[in-house]
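Using the hints, build the complex out of the two chains.
Those sequence lines, one after another, are chains Y and L. Note that our numbering gives residue 38 to position 38 of the first sequence, counting from 1, and the numbers run on in steps of one. Note that our numbering gives residue 78 to position 78 of the second sequence, counting from 1, and the numbers run on in steps of one.
Because the hints were derived from the structure by calculation, they are not lab data. Since this is a predicted model, take the numbers as computed values, not measurements. Backbone N, C-alpha and C fix where the C-beta goes; we use that ideal spot for every residue, glycine too. Each hint should be verified, as a subset may be incorrect.
Per label pair, the in silico range of CB-to-CB distance [as the list claims (entries may be wrong)]:
| hint | chain 1 | residue 1 | chain 2 | residue 2 | range |
| --- | --- | --- | --- | --- | --- |
| 1 | Y | Gly-98 | L | Gly-1 | 17 to 23 Å |
| 2 | L | Ala-17 | Y | Asn-18 | 44 to 50 Å |
| 3 | L | Ala-17 | Y | Gln-17 | 44 to 50 Å |
| 4 | Y | Val-100 | L | Ala-113 | 35 to 41 Å |
| 5 | L | Asn-22 | Y | Glu-44 | 17 to 23 Å |
| 6 | L | Asp-54 | Y | Pro-70 | 40 to 46 Å |
| 7 | Y | Leu-39 | L | Glu-16 | 29 to 35 Å |
| 8 | Y | Gln-80 | L | Thr-20 | 40 to 46 Å |
| 9 | L | Gly-1 | Y | Glu-28 | 28 to 34 Å |
| 10 | Y | Pro-96 | L | Asn-22 | 26 to 32 Å |
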Amino acid sequence: DTGVSQDPRHKITKRGQNVTFRCDPISEHNRLYWYRQTLGQGPEFLTYFQNEAQLEKSRLLSDRFSAERPKGSFSTLEIQRTEQGDSAMYLCASSPDGAVYGYTFGSGTRLTVV
Amino acid sequence: GDSVTQMEGPVTLSEEAFLTINCTYTATGYPSLFWYVQYPGEGLQLLLKATKADDKGSNKGFEATYRKETTSFHLEKGSVQVSDSAVYFCALIKNSGNTPLVFGKGTRLSVIA
Numbered sequence: 001d002t003g004v005s006q007d008p009r010h011k012i013t014k015r016g017q018n019v020t021f022r023c024d025p026i027s028e029h030n031r032l033y034w035y036r037q038t039l040g041q042g043p044e045f046l047t048y049f050q051n052e053a054q055l056e057k058s059r060l061l062s063d064r065f066s067a068e069r070p071k072g073s074f075s076t077l078e079i080q081r082t083e084q085g086d087s088a089m090y091l092c093a094s095s096p097d098g099a100v101y102g103y104t105f106g107s108g109t110r111l112t113v114v
Numbered sequence: 001g002d003s004v005t006q007m008e009g010p011v012t013l014s015e016e017a018f019l020t021i022n023c024t025y026t027a028t029g030y031p032s033l034f035w036y037v038q039y040p041g042e043g044l045q046l047l048l049k050a051t052k053a054d055d056k057g058s059n060k061g062f063e064a065t066y067r068k069e070t071t072s073f074h075l076e077k078g079s080v081q082v083s084d085s086a087v088y089f090c091a092l093i094k095n096s097g098n099t100p101l102v103f104g105k106g107t108r109l110s111v112i113a
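Next up, chain L with everything else stripped away, as it sits in the complex (with noise of 0.2 Å):
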């Protein structure tokens, strides 16, 4: 079946490092892919998303490129805040849409001042 495969976290970093989280995914067609963000104690909340090969998703600085030939979605940021600490989760959905929304286990990013 569907699956998104996410880089093992914890991740942590020194304020305005770059960030990079890899996201590979494994689907049949071309899914529309998307990154949320959890905040601690909080929901998930949409940070980015992209529909189709060679779109770029970007949000508050966090950019994401749609992959085909290497079927990836890795996460990037220049210049990282303490308050990016949080667990970012990859996800993909057929664009049928009448299936579920695939998620990731997660990367957890920790970013220190």
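Just chain Y, same shape as in the assembly (with noise of 0.2 Å):
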């Protein structure tokens, strides 16, 4: 078990660009999440799925933002016509189905937006 892993570690893209970033959970937890952190802040819930089930999406994600998790195994974040105001530290988790486990994070995927 390796752990939470996220590809790429960093991206730096300019505005307008459409960025994705891939997350592959842990292999036994079917449930991903998707975070975002800005500088000083804590994580921010964005999304998550139940196995490939899309179940909750915060009101943070725009429609530029999308995600995908077609066989409920990895993910992917997708942003369109990035701004700057989209950098930040995109974090992805996993966890097995109930609240008391917490949640397994990744070391996240830094987005800078120049």
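Following this line, the structure appears as structure tokens:
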């Protein structure tokens, strides 16, 4: 078990470009979460999946954002027409069913929009 | 909605000093409570947790007790080390497990030798 993997670790993009991030959760975990963290703030929930079903989306997730988990394994988060305000750390986490376990987080993808 | 409030940082301590980071929460029902730690350039690591009132979570010398009467989950360590320098996040989740983990804003701890 290698934990939760995120790729890339860093991404620099020009405003208006599209970017896609990947997350590989712990294989036995059927829940997968995306969070966004800006400087000096705690992680903010974006969306989560149970298996391949996307069960909840935050209002932070504008229509420029889309997430998928096509086979209930890895997930992708795409941001279209990036804006400078999208610059942040994007964190992925996974967990088994049930609240008491907490989540296992990946190292994150740091996005810088220039 | 549910929320977590942490003491503002940064907190700067000398090595071997006693640490307290305050955390209070607002939630309906009785959530599970967590402390996560984030070292520079890394993701969040689960430090400790408590799932019901009066439970004490502990790990690596850190402790926190779930206090229902004061809706608190303060993090403590008797003797901090330079390697404890990090950002600490308090978080909660409903015990139904069907709503996501909610985080506080984090408290930065710097320990100087």
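**Prompt:** Hint by hint, which ones does this structure get wrong, listed from lowest number up?
**Reply:** Hint check: nothing fails, all pass.
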